[in-house]
Amino acid sequence: MKWLKRIFDKSEKHFSGSGKLAKAHALFDATKTVFFHPLRRTAFIPFLRDCLDLKRYMTFVLISLVPVTIFGIYNTGYRAGLGSGVELDLLDSFLHGSYYVIPIILVSYVVGLFWEILFAGIRKHKISEGFLVTGLLFPLTLPATIPLWQVALGISFGVIIGKEVFGGTGRNILNPALTARAFVYFSYPVSMSGEIWIPNLGAVDGMSGATPLAVAAQGNQSILAALSDMGFALKNLFWGFVPGSIGETSVFCIVLGMFFLLVTRIANFRIIAGGIAGLIFTAIVFYLFGEDPGSWIKAGPLYHLFAGSFLFGITFMATDPVSAPGTNEARWIFGFLIGFFTVTIRVANPAFVEGTMLAILFMNVFAPLLDHMVVKYKVSKRIPNV
Amino acid sequence: MLAEKDHFKEILIKGIWKENPVAYQVLGICSALAVTVKMSTAIVMGIALTIVTAFSSLIISSMRKHIPSNIRIIVELAVIASLVIVTDQILKAFLYDISKQLSIFVGLIITNCIVLGRAESFALANPPADSFVDGVANGIGYSLILVCVAFIRELLGSGKILGFNVIPGFLVDMGYQNMGLMVLAPGAFFIIGLLVWLKNNLPGVSHEEN
Amino acid sequence: MEKVNIFKGFKTRLKGEPDLSIIKLPKPSTIAVSALDIPFIRPRILVKDGDKVKIGSPLFYDKQNPDIQYLCPGAGVVQKIVFGARRRLHEVVVQLFEKEYHVEFESLTKKALGTADTQKIIDILIKGGLWQCLRRLPARDTADPKIQPPLIIVCLNENDMFAPHPGLYLENETSFFELGLSLLRKISKRVVVAARKNHLEKLAPLNTNITHVIPDLYPAWNPGAILFHIKKTADENNAWYVTGQHLLLMVKLILTGHYPIERIATVSRENDKKPHLLIRQGMPVKSLAPSLGKNDLITSGMFSGRIIAPDSHMGFFENTLNILKIKNEEEFLGFIRPGTAKTTVSNTFLSCLFDKPGQADCDTHGEERACINCACCHRICPNDLMPNFIMKALHGDDLEDALDMGLLDCCNCGLCSYTCPCKIELAHIFQDAMNAYHKDKE
Ligand code: SF4
Ligand code: SF4
Chain A
1 MKWLKRIFDK
11 SEKHFSGSGK
21 LAKAHALFDA
31 TKTVFFHPLR
41 RTAFIPFLRD
51 CLDLKRYMTF
61 VLISLVPVTI
71 FGIYNTGYRA
81 GLGSGVELDL
91 LDSFLHGSYY
101 VIPIILVSYV
111 VGLFWEILFA
121 GIRKHKISEG
131 FLVTGLLFPL
141 TLPATIPLWQ
151 VALGISFGVI
161 IGKEVFGGTG
171 RNILNPALTA
181 RAFVYFSYPV
191 SMSGEIWIPN
201 LGAVDGMSGA
211 TPLAVAAQGN
221 QSILAALSDM
231 GFALKNLFWG
241 FVPGSIGETS
251 VFCIVLGMFF
261 LLVTRIANFR
271 IIAGGIAGLI
281 FTAIVFYLFG
291 EDPGSWIKAG
301 PLYHLFAGSF
311 LFGITFMATD
321 PVSAPGTNEA
331 RWIFGFLIGF
341 FTVTIRVANP
351 AFVEGTMLAI
361 LFMNVFAPLL
371 DHMVVKYKVS
381 KRIPNV
Chain B
1001 MLAEKDHFKE
1011 ILIKGIWKEN
1021 PVAYQVLGIC
1031 SALAVTVKMS
1041 TAIVMGIALT
1051 IVTAFSSLII
1061 SSMRKHIPSN
1071 IRIIVELAVI
1081 ASLVIVTDQI
1091 LKAFLYDISK
1101 QLSIFVGLII
1111 TNCIVLGRAE
1121 SFALANPPAD
1131 SFVDGVANGI
1141 GYSLILVCVA
1151 FIRELLGSGK
1161 ILGFNVIPGF
1171 LVDMGYQNMG
1181 LMVLAPGAFF
1191 IIGLLVWLKN
1201 NLPGVSHEEN
Chain C
2001 MEKVNIFKGF
2011 KTRLKGEPDL
2021 SIIKLPKPST
2031 IAVSALDIPF
2041 IRPRILVKDG
2051 DKVKIGSPLF
2061 YDKQNPDIQY
2071 LCPGAGVVQK
2081 IVFGARRRLH
2091 EVVVQLFEKE
2101 YHVEFESLTK
2111 KALGTADTQK
2121 IIDILIKGGL
2131 WQCLRRLPAR
2141 DTADPKIQPP
2151 LIIVCLNEND
2161 MFAPHPGLYL
2171 ENETSFFELG
2181 LSLLRKISKR
2191 VVVAARKNHL
2201 EKLAPLNTNI
2211 THVIPDLYPA
2221 WNPGAILFHI
2231 KKTADENNAW
2241 YVTGQHLLLM
2251 VKLILTGHYP
2261 IERIATVSRE
2271 NDKKPHLLIR
2281 QGMPVKSLAP
2291 SLGKNDLITS
2301 GMFSGRIIAP
2311 DSHMGFFENT
2321 LNILKIKNEE
2331 EFLGFIRPGT
2341 AKTTVSNTFL
2351 SCLFDKPGQA
2361 DCDTHGEERA
2371 CINCACCHRI
2381 CPNDLMPNFI
2391 MKALHGDDLE
2401 DALDMGLLDC
2411 CNCGLCSYTC
2421 PCKIELAHIF
2431 QDAMNAYHKD
2441 KE
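Residue numbers (the working numbering), protein chains in the order written: chain A, 1 to 386; chain B, 1001 to 1210; chain C, 2001 to 2442.
Keep in mind that a hint or two might mislead.
Said to hold, decoys possible - Each computed SDA-like pair below joins lysine to any residue, with the alpha-carbon atoms no more than 20 Å apart:
1) A:K378 <-> C:K2392
2) A:K124 <-> C:K2015
3) C:K2392 <-> A:F362
4) A:K381 <-> C:K2231
5) C:K2015 <-> C:K2392
6) C:K2439 <-> A:N385
7) C:K2423 <-> A:R171
8) A:K376 <-> C:K2392
9) C:K2392 <-> A:R171
To be verified - Computed list of chain A residues with no C-beta within reach of chain B, every gap over 10 Å:
10) E87
11) F183
12) R265
13) M373
Keep in mind that the hints were calculated from the coordinates and are not lab data. Cβ atoms here follow ideal geometry from the backbone N, Cα and C, with glycine treated the same way.
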């Protein structure tokens, strides 16, 4: 790898000081540090440091997203095939899916990176690795049919309003990827819920809802029967062979990623456990006391857990450390309330079937408050020392 | 005479730009959110508010030596309220459609913080002519932001400017969609926020040195 | 023996632990007294170049407290007085004579020591230049002889992981140590002796004197950490502490009337297994660590010491040297390698699966970023502080808030900075803030 190093060393002068490309120094620096981790001696205590840095931290989130992304590509291709009436095999589905999904991811990265570099240049700081995650998370929450210009607008909004106005990664209070999604969701509702290819399963013709969450039973049918009629049996939801946003469908792949994040302790288990507990608890309460058998009130905890983007959200979005609370007790509450609000929004307001996004954003706003309360409580327990 | 002119100019610039009521003093945000979905309502609202602020400042300033300070708010409100009612009636008489869209917001000019704010902070301490100019300046400053916001919201949210479709057909065919967020109240928040950010931070535009 | 429950700390093992043999180093040509390792000192120098000094002659004193003198640990001529930036005293170097003479201080017999009154002992210690071995928490300034402390902690281990093993310097010195404890009991009603769990076996003769057992986990033996876990009320915050070696020196001074100059020290380097060294106070660094690489960083404690220049001398409080290396080659795509040989407390490298001792190097392993609120620092802080919140409070100039959250409970172990993935200098920020606060209060 000596030659690569030499190229970097040689071109460094153009990018620094009075070089021609000095404005793009942030970009140069980011590229260089990806390949060669810079050596710097410690100057203060402690004189040795852990090998984990933010690059690796964020890269591990990306790794955990690999199964979801791959399955998302496959599923998109497969759905697209079904939509046009052919059943594609594995490779074809994959190629077909790439045709839809790869451009979305590319646009998200390129446009987002443009803003990152712009702000890094103006503010004279380094490009933060947090963007790597945002740039991939955002596309995974979108339906594959979304127009690319909306992706570009969405990620711009997410990066600027969700992050840079606060001062960049580490200072934002909202999760940028979710902010971007919320923007697209409210701005272009048609693209977000509309024409996802829906398989014609014979039993129900002319279905309007795209995702399982939009299903409502007709007549005296129970919600569970309606769901399985439409191909949303628990088994399908678990493996992910259902329509939906690119990354959210397969519970199995999400759990793989979740497992990876938990084992490496990148994600905090308290948020995830709290979230699942909150969801199950709330779903059971609604199940026991709800009336309407044909709506999601009666769907029960497992369906609530597997359908829609709850697991995706709680695993990859809610655990974003910047927008989540930093104290352990607050994390339990944070997670629990996300679960609670997810079900409540789903059940109480059929207009926003996707409650997870709103629940997480809502709790993001409250995270500093939760932290503040926990810190105050802990301070009151301390033996004072002034 | 020349000094007089400069003096007025200064008040104007201060009210319209430097200490813009929405962007700098952060007053009148509520109506700025409510009436900026369309440009026509924003313009009418801007004019109405300019007139009310200008004349209320003028009247209050000319009475300033005679108002006992412990009942001044009541007096100010009486003046403002009468002006607002007159404006409202004129609108109802000549611009009925728009006045319906503005609904209670014209009536609510009474409570608009800009009017009372200028009366309290400027008119009570300055001669009538200055106060009148100050009222006009603040009214224009408010209208300026309102029209900007409304322009952006109408253009992006419904693809129109002053009610005329401006998005070319081929763009729509290619898949252009209106930005639903802009029609909702949060859209106005974002736009105002971004405008304030731009005004205060853009080098060359901003008057604040940092 | 009471167990102190400290669960959080540095659980990874590191390479380079010294073994338990002792070798005596030959007499050096120069020795020095450094002012750099003495917290808060404002020195006034008492000698000049060319002066002749004996073992025990005062070299400089502290302007804030003129009684506290720093004595010369060798007899010879003052060779040079080294100043740093803004004429800050670095060290006073003395060229040693072949034959050395002592300044005679007042001495007591063992029996007299038992019955002597407290003030007398304090006077001897102050004159003999060893009172400053007693330090006061939380700022670690010199203890005030006019005050009776709520408790004195005797730390058998010094700041570093590889600091001298107490079993070695206490071997055959049990009676001295016990005398030392009785001396401390005259000063304070409560004396706590804390020993590492793994050292108990070697310390068997002393077991009856040990009051607290601490887990074998850096920085459990840090006096700040011990105090945090045993204190019950707020007035214990100002406890004093003294290290085991210093306590022995104090006893020897009183019994012999001579300023004691010998210490046991360690040198650790990643792949060596070095023995313990019997040295004199203020030996040149080069004589302890002869072969140094160009890029090596020498510290007196990997986590909480200071950087020592290679051509300077050991300090009064320092008995450990760590030699930390840095690689010359930048690693290609380092952030994504599996990392079977990386030292980490996280679970993101394969090395966390094996219980192999890790390498210590002085690379920062990354660049500084804004805090991402991951709370890794809280997860490792032995005193259960929330470094990220304290740092943010200090950042916003809110000292009150930081103090409420326990800034002064920070024992400066450095683990929070060690683990932070954003490479924020938390411990340094806290140290600065604590020092500034202390100076303000004075
Ligand atoms: S370890 Fe570093 S990045 Fe994480 S919370 Fe603490 S200070 Fe912030
Ligand atoms: S705050 Fe940092 S330096 Fe202080 S005790 Fe905790 S881990 Fe150690």
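Worksheet item: Given the hint that K2015 (chain C) pairs with K2392 (chain C), does the C-alpha gap stay at or below 20 Å?
Response: violated (34 Å)
Item to complete: Could you check that no beta carbon of chain B comes within 10 Å of the beta carbon of R265 (chain A)?
Response: holds (36 Å)
Fill in: Given hint K2231 (chain C) paired with K381 (chain A) - CA-CA distance at most 20 Å
holds (13 Å)
Worksheet item: K2392 (chain C) and F362 (chain A): Cα distance at most 20 Å?
Response: violated (24 Å)
Worksheet item: Regarding the pair K376 (chain A) and K2392 (chain C), is the alpha-carbon distance no greater than 20 Å?
Response: Within the cut-off at roughly 15 Å; holds.
Worksheet entry | Satisfaction of hint between N385 (chain A) and K2439 (chain C), Cα-Cα up to 20 Å | holds (16 Å)
Fill in: Straight-line alpha-carbon gap K2423 (chain C) to R171 (chain A), limit 20 Å
Holds, at about 16 Å.
Discussion item. Would the hint linking K2392 (chain C) and R171 (chain A) be met if the CA-CA limit is 20 Å?
Written reply: holds (11 Å)
Practice prompt. Take the C-alpha atoms of K124 (chain A) and K2015 (chain C), compute the straight-line distance between them, and say whether it is at most 20 Å.
Written response: violated (40 Å)
Worksheet item: If you draw a straight line from the CA of K378 (chain A) to the CA of K2392 (chain C), is it 20 Å or shorter?
Response: This hinted pair holds, its Cα atoms lying about 17 Å apart.
Fill in: No chain B beta carbon within 10 Å of F183 (chain A)'s
Check fails; 6 Å does not lie beyond 10 Å.
Worksheet item: Does M373 (chain A) really sit off the interface, with its C-beta more than 10 Å from all C-beta atoms of chain B?
Response: M373 (chain A) is indeed farther than 10 Å from all Cβ atoms of chain B, at 27 Å.
Going through the hint list in order, the structure does not satisfy hints 2, 3, 5 and 11.
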